[in-house]
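Residue numbers (this note's numbering), protein chains in the order written: chain G, 220 to 344; chain D, 118 to 486; chain A, 165 to 338; chain C, 10 to 426.
Hint data in this document are derived by calculation from the structure and do not stem from the laboratory. Everything numeric in this text was worked out from a predicted model, so none of it was measured.
Here are the simulated BS3-like pairs of lysine-lysine, each with C-alpha atoms no more than 25 Å apart in a straight line:
| hint | chain 1 | residue 1 | chain 2 | residue 2 |
| --- | --- | --- | --- | --- |
| 1 | A | K242 | C | K414 |
| 2 | D | K204 | A | K242 |
| 3 | A | K257 | A | K197 |
| 4 | D | K169 | D | K204 |
| 5 | A | K257 | A | K307 |
| 6 | D | K204 | D | K416 |
| 7 | D | K390 | C | K414 |
| 8 | D | K257 | D | K390 |
| 9 | A | K307 | D | K416 |
| 10 | A | K307 | D | K169 |
| 11 | G | K337 | C | K347 |
| 12 | D | K416 | D | K169 |
| 13 | D | K145 | D | K459 |
| 14 | A | K257 | D | K169 |
Here are some chain D residues pointing at chain A (derived, C-beta under 8 Å):
| hint | residue |
| --- | --- |
| 15 | M160 |
| 16 | G161 |
| 17 | S166 |
| 18 | E168 |
| 19 | S335 |
| 20 | W348 |
| 21 | A353 |
| 22 | D354 |
| 23 | E418 |
| 24 | G431 |
| 25 | Y433 |
| 26 | V435 |
| 27 | R448 |
| 28 | L455 |
| 29 | D485 |
Every residue gets a Cβ at the ideal spot worked out from N, C-alpha and C, and that includes glycine.
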Amino acid sequence: MLYEYGHIGILVIIALIFPLGAVVTSWALQFVRIRPKFRPDLVRDDIYECGLRTEGPSLVQFNFRYYYIALLFVLLDVEIIFLFPWAMVFDTVGWVGYGKGLLFIATFVIGGIYAWRKRALEWRL
Amino acid sequence: MSGIIKSEPFVINIGPQHPSTHGVFRIKATVDGEKVIDAEMVMGYLHRSMEKLAEERTYTQNIPFTDRTDYLSSMSNNLGYCLAVEKLAGIEVPPRGNAIRVIMAELQRLASHCMAVGAFANDTGAWQTPVMWAFREREKILDIFEVTSGARLTCNYMRIGGVAFDLRPEFEPMVRRVLREFPPFIDEMEGLLSGNEIFIARTRGVGVLSPEMAINSSLSGPMLRGSGIAWDIRKADPYCGYEQYDFDIPIGYNGDSYDRFIVRLEEMRQSLKIIQQALDGLPGGPFRTEVPLALRPPKGEAYARIESPRGELGYYLVSDESPAPYRFHIRPPSFINLSALKEMTVGGTVADAIVVLGSIDIVVGEIDR
Amino acid sequence: MTRELTGSEAAALAEALVPGSVARTSETACYLKPEMLVETLRALRDDPAANLVHLTNLCGVDYWDHFEVVYHIQSFEKNHLACFKVEAWGREKPEVPSVTPVYHGAWMQECEAYDLFGIRFTGHPNLYRILLWEGYPGWPLRKDFLAMPGGLQPGLGEFAGVARRQEPPVKVVE
Amino acid sequence: MTPFLVSDKWYDIRDLGNLSRAILEAADRILPFGVVYVLAAVLGFVASFLLFVLPSQLFVGVYGERRIIGRMQSRLGPNRVGPFGLLQPIADAIKLIQKEALTPTQADRAVMYVAPIIFVMPAVLLWAVIPFGENMVIADIPVSLLYFLAVSSLPVIATFMAGWSANNKYSLFGAMRIVSMAISYESPLVLALLGAVVVTGTISLSGMVAWADEFNIWMAFVQPLALVIYFICVSAELNRTPVDIAEAESEIVAGYLTEYSGMKWGLFYGMDIGYALAASGFAVTVFLGGWTFFGLEQWVPGWLIFIAKTHLFYFLFIWTRGTLPRLRADQLMAFAWKFLLPLGVFNLLIVSTERMLWAEQDYAKGLIYLFALINIVLSGALVYAWARFNGYRPERTPTRPRLVKQVGGYIPIEERP
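Work out the full structure: start from the sequences and follow the hints.
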């Protein structure tokens, strides 16, 4: 069994070599005389702002709404992951286990309805 | 919740080098998250000082300049300028010239609306398919222009007193082909876009303009008609014999971007109707009255306007009996249609601002002149 | 068919609403007194008989000794077009009251007239050079633009006596 | 698992796993243990990734997608490089690799270089668990479905790194949008897959294929709603066009890719297609019976069936990309939370009840067909009912503007028909 996970581990190394090779080749080509060596340029290396200079800092404190979605996600998705073991043991747990699973889903649904009624799911502007 | 936790507004530039500003136009938007809380227009990147240049050239020499203002509807611009000069100098155009002018102006409206509709769909995020389809149809019209005037984009076809050349024999079959192939294309666009749930969700209720606001902001063309005001220069102040043709004015319901879009689509249908009538009743005779090249109109002033694809295109000319206009002013529809941009964008999201800008259908050459 | 009001017809409309607002009339246009311009246009806009709701066109004209600002105002219900004019004397600082409070659509056209003629519209909320950049020397659509002190040298923005604009180096944002 | 294949001889091309096993056994006799272990993984990588994923990515993804969208947009697409423009992807790769990789001076250089590498890695790792044939899976782990879900949510981190490190406002917008969007769509996605897990009782992808073969039915028929939810969610996670708000070209120039150029950009671009292919392969495995085709796999190599199905599913991504406009960020979030998530819960409730009834009937084969029929009808009704509940009213389309003959006067605002 662990034998198979080892394959994935080796694949991680291969997967690392693959993009590294592309990026490093691209970088190393500047030492070969295929293309001219690019010199640093203050204007060209500036960040893109539709042809203008950026006003103010780019990394600002962003609107809270985006993180709010993340919080909701953490609450809901973890619950859903807990349902996976339940989904796999239907044969052994029978109707009782089924009912317990429904109870678990019910808490999830009640939470969802609460969030909905509290207008937490609306991207208010 | 978002009232408690403050976030930092920051300035984001939409333009001048932006995929959806249709040229070098810039909206300096202050945003808080996705919401636009302030919008400022910056223009003038394409200012070529046409009004000054025109004061140094004769009336006839100015016709090619008008091509370069609104380069997507050069025929209409030629027509508006020629009408102004004719009004100033009191020149009559023969009926054949008028009919050719009507056909050309309406073909130009088709071509320009193709571009407007396609680019608007592109702004909503339809990945280039509508714009490609629109370009396919626009090519046929540009071919007609090429056959007739020798140029595809900046035609320079209208002359003071008529048009430059008579029609070629290929002209009529080509226009008939457009008349035949255009209605299926409009139906196609309706099927692809105006019946599309995502498109409706993106454009309905976005950039709503009340009729009062639309009038007070001096808007014109599809912007005005989208807000539910029946106003069309072709009906209200007919020129070139538009009063002989039977057509309707499409008007929208509540003035959002979707209404402006469907108004443009319907205007294409009405244009086809006009072309059909004008082509069927194309009179013979001369196509131009002979006008001296160095025309010296009597002292005075004239304001003539036409319904260009973008709205009311006016030319205000002041003559001092010299061969060159003393004052040459263009009333550019897409410049003045931008008056209400801030009101329409502030409060919406960045994505809405793009849709609103697309629905105004600006041409930067005309804004900056 | 739109009826273009002659100067005297437009003057009659204006006089009926705001007496004493008309300075003089010409064949095509009605000259309004600058100090009563805003009041008159507001009255004309709100009056159902005049119904001049749509400020179609606003532009400036340079007549060497004075500037004229031309207003073409359209009525939708009556379907007539009236032409009003306001004169601004003096080349140094011509001033005309802004009609932006009456017609919102005037603000961009007034900015343009300010940009190209240097006509100052008093009461305009944000009068700035809309097409040219701030600090552009002179007012290009004036008739004496090319005869400015020192004259125009070849090349954009290079006037005699005006230092070449120094681009500040790219500021690196930390 | 029932044996599907007629033989397990190495020359049986219907399952290349036999061949690789033969090679490995031969190598085992001459090489030490550890080397063979590595060799097995490398062989699997070569067989699956280099022989299938990369070519199809280049020729179907890059070339085919451009040609198909070209057809949809009534233009030709690439047709100059090589016969029919087939070498276009290679030409693109050569151009990209020798292009200068610009990095803005104000950007976080290290993060900016690391982001595309992190982005590519999961795309390779995803293929480890997808079965191409009966024995053709690199790592046949028992929790492969969870593995796939876990790995496929990694690229979001890479895109966030890409957007954040560039120190660009458009990139920042893209980064923020993709994080909120990807996590919004993760929950309905997992819920939809949970339905499939409930039916089969396994979270092994090979087990799912075996289930489809055993009961001679595809999961798509038993769980049509789950497939639809999966498709929508995976489009969102992959940032494909109807929901590509993170890269929205017309709004925020190129989103998180604004500052990328050269091969760094090329990796993002190429692997976008790689992820779409992996998602298609996963959908085929879970919902469309994997490499089986109602007994056809006895005669046609299963891996060919799998490849064909994957590309047919991938065509759906191309189709939506060529047709639909883009949703707005808030509409997109509302759609995930208010529409897809409740539908996923409903689907789960229905399918778990059915599963219990099915278990009582001792897994009768006929019953699953009945359930499939019920579910197809029920899911259509459910989607419509929930849409109505959320305020959607179908209207007569297309809407046409009002037509008037006379100018002047105001036409009062009226409701749309």
